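J.: One point on numbering: in the working numbering, the residue at position 127 of the sequence shown is 112, and numbering is uninterrupted.
No lab work stands behind these hints: they were computed from the structure.
Source: prediction; values computed, not measured.
Take these hints with a grain of salt, some might be off.
[What the hints assert, rightly or not] BS3-like mimics (lysine-lysine), calculated; alpha carbons at most 30 angstroms apart, straight line:
{"#": "1", "residue 1": "K13", "residue 2": "K100"}
{"#": "2", "residue 1": "K113", "residue 2": "K123"}
{"#": "3", "residue 1": "K84", "residue 2": "K123"}
{"#": "4", "residue 1": "K55", "residue 2": "K(-2)"}
{"#": "5", "residue 1": "K10", "residue 2": "K(-2)"}
{"#": "6", "residue 1": "K10", "residue 2": "K55"}
{"#": "7", "residue 1": "K100", "residue 2": "K115"}
{"#": "8", "residue 1": "K115", "residue 2": "K55"}
{"#": "9", "residue 1": "K129", "residue 2": "K88"}
{"#": "10", "residue 1": "K10", "residue 2": "K113"}
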Amino acid sequence: MELETARASHAEKAETVMAVHERLKAAKMAIVTEYRGLTVGQMTRLRREIRHASGEYQVIKNTLVRRALKGTAYEDLERLLEGPNGWVFAYDDPVMLAKMLVKFVEDNNEKLTIKGGVFEGEFMDPAKVKFLARMPSKPELQAKLLAMIQAPATQLVRLMQEPGARVVRLLETLRKGKSEQA
-14 MELETARASH AEKAETVMAV HERLKAAKMA IVTEYRGLTV GQMTRLRREI RHASGEYQVI
46 KNTLVRRALK GTAYEDLERL LEGPNGWVFA YDDPVMLAKM LVKFVEDNNE KLTIKGGVFE
106 GEFMDPAKVK FLARMPSKPE LQAKLLAMIQ APATQLVRLM QEPGARVVRL LETLRKGKSE
166 QA
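Start from the sequences and build out the full structure, keeping to the hints where you can.
T.: Structure follows, in C-alpha coordinates:
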(Lines of atoms letter the chains of each structure in order from A and count residues from 1; the text may use other names and numbers.)
(Lines give C-alpha, C1' and ligand atoms only; values in the text may rest on other atoms or scores of the structure.)
Protein backbone atom coordinates (compact mmCIF):
# COMPACT_ATOMS: atom_id res chain seq x y z
CA MET A 1 0.00 0.00 0.00
CA GLU A 2 2.76 2.45 0.93
CA LEU A 3 4.68 1.48 -2.19
CA GLU A 4 1.66 2.29 -4.38
CA THR A 5 1.25 5.66 -2.65
CA ALA A 6 4.94 6.43 -3.16
CA ARG A 7 4.70 5.49 -6.85
CA ALA A 8 1.60 7.64 -7.29
CA SER A 9 3.32 10.54 -5.52
CA HIS A 10 6.42 10.12 -7.69
CA ALA A 11 4.26 10.02 -10.84
CA GLU A 12 2.40 13.19 -9.76
CA LYS A 13 5.68 14.98 -9.13
CA ALA A 14 7.06 13.92 -12.51
CA GLU A 15 3.84 15.13 -14.15
CA THR A 16 4.10 18.48 -12.35
CA VAL A 17 7.74 18.87 -13.43
CA MET A 18 6.79 18.18 -17.05
CA ALA A 19 3.86 20.62 -16.89
CA VAL A 20 6.06 23.39 -15.46
CA HIS A 21 8.75 22.63 -18.06
CA GLU A 22 6.13 23.01 -20.83
CA ARG A 23 4.91 26.32 -19.34
CA LEU A 24 8.48 27.60 -19.31
CA LYS A 25 8.98 26.60 -22.94
CA ALA A 26 5.75 28.36 -23.96
CA ALA A 27 6.36 31.50 -21.89
CA LYS A 28 7.98 34.64 -23.27
CA MET A 29 8.93 35.72 -19.74
CA ALA A 30 8.97 34.21 -16.26
CA ILE A 31 9.07 36.18 -13.01
CA VAL A 32 9.66 34.80 -9.52
CA THR A 33 7.73 36.47 -6.69
CA GLU A 34 7.53 36.07 -2.94
CA TYR A 35 3.94 36.17 -1.73
CA ARG A 36 4.13 36.40 2.08
CA GLY A 37 1.16 38.14 3.64
CA LEU A 38 -1.31 38.00 0.75
CA THR A 39 -4.86 37.10 1.68
CA VAL A 40 -6.83 34.54 -0.32
CA GLY A 41 -8.84 37.39 -1.88
CA GLN A 42 -5.69 39.26 -2.92
CA MET A 43 -4.19 36.08 -4.37
CA THR A 44 -7.40 35.42 -6.33
CA ARG A 45 -7.40 38.99 -7.66
CA LEU A 46 -3.70 38.66 -8.61
CA ARG A 47 -4.37 35.45 -10.56
CA ARG A 48 -7.37 37.01 -12.32
CA GLU A 49 -5.40 40.13 -13.33
CA ILE A 50 -2.48 38.02 -14.58
CA ARG A 51 -4.86 35.82 -16.60
CA HIS A 52 -6.37 39.00 -18.07
CA ALA A 53 -2.83 40.03 -19.16
CA SER A 54 -2.34 36.64 -20.94
CA GLY A 55 -0.30 35.13 -18.16
CA GLU A 56 -0.48 32.63 -15.37
CA TYR A 57 0.42 32.67 -11.67
CA GLN A 58 1.33 29.45 -9.90
CA VAL A 59 2.81 28.45 -6.57
CA ILE A 60 5.11 25.50 -7.19
CA LYS A 61 7.48 23.67 -4.86
CA ASN A 62 11.07 24.80 -5.31
CA THR A 63 12.37 21.23 -5.67
CA LEU A 64 9.99 20.59 -8.58
CA VAL A 65 10.76 23.90 -10.27
CA ARG A 66 14.49 23.23 -9.93
CA ARG A 67 14.02 20.07 -12.02
CA ALA A 68 11.75 21.82 -14.53
CA LEU A 69 14.25 24.65 -15.13
CA LYS A 70 16.86 22.25 -16.53
CA GLY A 71 17.32 22.71 -20.26
CA THR A 72 15.30 25.94 -20.52
CA ALA A 73 16.23 29.59 -21.03
CA TYR A 74 15.15 30.18 -17.43
CA GLU A 75 17.89 28.24 -15.62
CA ASP A 76 19.26 31.50 -14.14
CA LEU A 77 16.15 31.68 -11.95
CA GLU A 78 17.37 28.71 -9.90
CA ARG A 79 19.32 31.11 -7.66
CA LEU A 80 16.01 32.65 -6.50
CA LEU A 81 14.56 29.38 -5.22
CA GLU A 82 14.38 30.08 -1.51
CA GLY A 83 11.27 30.53 0.57
CA PRO A 84 7.70 30.54 -0.73
CA ASN A 85 7.74 31.46 -4.40
CA GLY A 86 5.03 32.25 -6.86
CA TRP A 87 5.74 32.02 -10.57
CA VAL A 88 4.40 34.40 -13.20
CA PHE A 89 4.43 33.14 -16.77
CA ALA A 90 3.85 35.69 -19.56
CA TYR A 91 2.54 34.16 -22.77
CA ASP A 92 1.67 37.19 -24.92
CA ASP A 93 2.82 40.71 -23.96
CA PRO A 94 5.51 40.63 -21.24
CA VAL A 95 5.47 44.43 -20.89
CA MET A 96 1.74 44.56 -20.17
CA LEU A 97 2.10 41.77 -17.62
CA ALA A 98 5.08 43.49 -15.96
CA LYS A 99 3.04 46.73 -15.72
CA MET A 100 0.17 44.88 -14.08
CA LEU A 101 2.46 43.03 -11.65
CA VAL A 102 4.37 46.17 -10.57
CA LYS A 103 1.07 48.02 -10.04
CA PHE A 104 -0.27 45.11 -7.96
CA VAL A 105 2.88 45.16 -5.79
CA GLU A 106 2.50 48.91 -5.21
CA ASP A 107 -1.25 48.66 -4.48
CA ASN A 108 -0.80 45.87 -1.92
CA ASN A 109 1.84 47.45 0.29
CA GLU A 110 4.46 45.17 -1.17
CA LYS A 111 3.05 42.00 0.41
CA LEU A 112 4.04 40.52 -2.92
CA THR A 113 7.65 41.14 -3.88
CA ILE A 114 9.35 40.59 -7.19
CA LYS A 115 12.54 38.58 -6.77
CA GLY A 116 13.61 38.55 -10.42
CA GLY A 117 12.82 37.15 -13.81
CA VAL A 118 14.07 36.18 -17.24
CA PHE A 119 12.97 37.86 -20.45
CA GLU A 120 14.43 36.93 -23.85
CA GLY A 121 17.16 34.91 -22.14
CA GLU A 122 18.32 37.80 -19.95
CA PHE A 123 18.14 37.70 -16.15
CA MET A 124 16.28 40.66 -14.68
CA ASP A 125 16.58 41.81 -11.10
CA PRO A 126 13.53 43.58 -9.57
CA ALA A 127 14.74 46.98 -10.86
CA LYS A 128 14.86 45.68 -14.45
CA VAL A 129 11.34 44.26 -14.10
CA LYS A 130 10.15 47.71 -12.96
CA PHE A 131 12.01 49.30 -15.88
CA LEU A 132 10.30 46.88 -18.28
CA ALA A 133 6.95 47.92 -16.77
CA ARG A 134 7.63 51.55 -17.76
CA MET A 135 8.07 50.65 -21.44
CA PRO A 136 5.15 50.97 -23.87
CA SER A 137 3.09 47.80 -24.23
CA LYS A 138 2.56 45.93 -27.49
CA PRO A 139 -0.80 47.66 -28.27
CA GLU A 140 0.74 51.08 -27.55
CA LEU A 141 3.67 50.35 -29.87
CA GLN A 142 1.31 49.06 -32.57
CA ALA A 143 -0.77 52.27 -32.35
CA LYS A 144 2.36 54.44 -32.64
CA LEU A 145 3.61 52.41 -35.60
CA LEU A 146 0.24 52.67 -37.34
CA ALA A 147 0.21 56.45 -36.81
CA MET A 148 3.71 56.71 -38.27
CA ILE A 149 2.73 54.60 -41.28
CA GLN A 150 -0.45 56.60 -41.88
CA ALA A 151 1.15 60.05 -41.48
CA PRO A 152 2.79 60.21 -44.94
CA ALA A 153 -0.40 58.98 -46.63
CA THR A 154 -2.47 61.59 -44.78
CA GLN A 155 -0.04 64.33 -45.78
CA LEU A 156 -0.09 63.13 -49.41
CA VAL A 157 -3.90 63.23 -49.52
CA ARG A 158 -3.86 66.73 -48.02
CA LEU A 159 -1.25 67.84 -50.57
CA MET A 160 -3.28 66.40 -53.45
CA GLN A 161 -6.47 68.10 -52.26
CA GLU A 162 -4.85 71.52 -51.74
CA PRO A 163 -4.99 72.78 -55.38
CA GLY A 164 -8.72 71.97 -55.57
CA ALA A 165 -9.28 73.59 -52.19
CA ARG A 166 -7.47 76.74 -53.38
CA VAL A 167 -9.75 76.96 -56.44
CA VAL A 168 -12.82 76.56 -54.20
CA ARG A 169 -11.55 79.27 -51.82
CA LEU A 170 -10.82 81.60 -54.78
CA LEU A 171 -14.28 81.03 -56.25
CA GLU A 172 -15.86 81.63 -52.84
CA THR A 173 -13.92 84.89 -52.47
CA LEU A 174 -15.03 86.00 -55.93
CA ARG A 175 -18.63 85.08 -55.19
CA LYS A 176 -18.58 87.06 -51.93
CA GLY A 177 -17.01 90.01 -53.73
CA LYS A 178 -19.71 90.01 -56.41
CA SER A 179 -22.52 89.65 -53.87
CA GLU A 180 -21.16 92.64 -51.93
CA GLN A 181 -21.02 94.76 -55.11
CA ALA A 182 -24.56 93.94 -56.09
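J.: Return the numbers of the hints above that this structure violates; sort them in rising order.
T.: Checked against the structure, no hint fails, so every one of them is satisfied.
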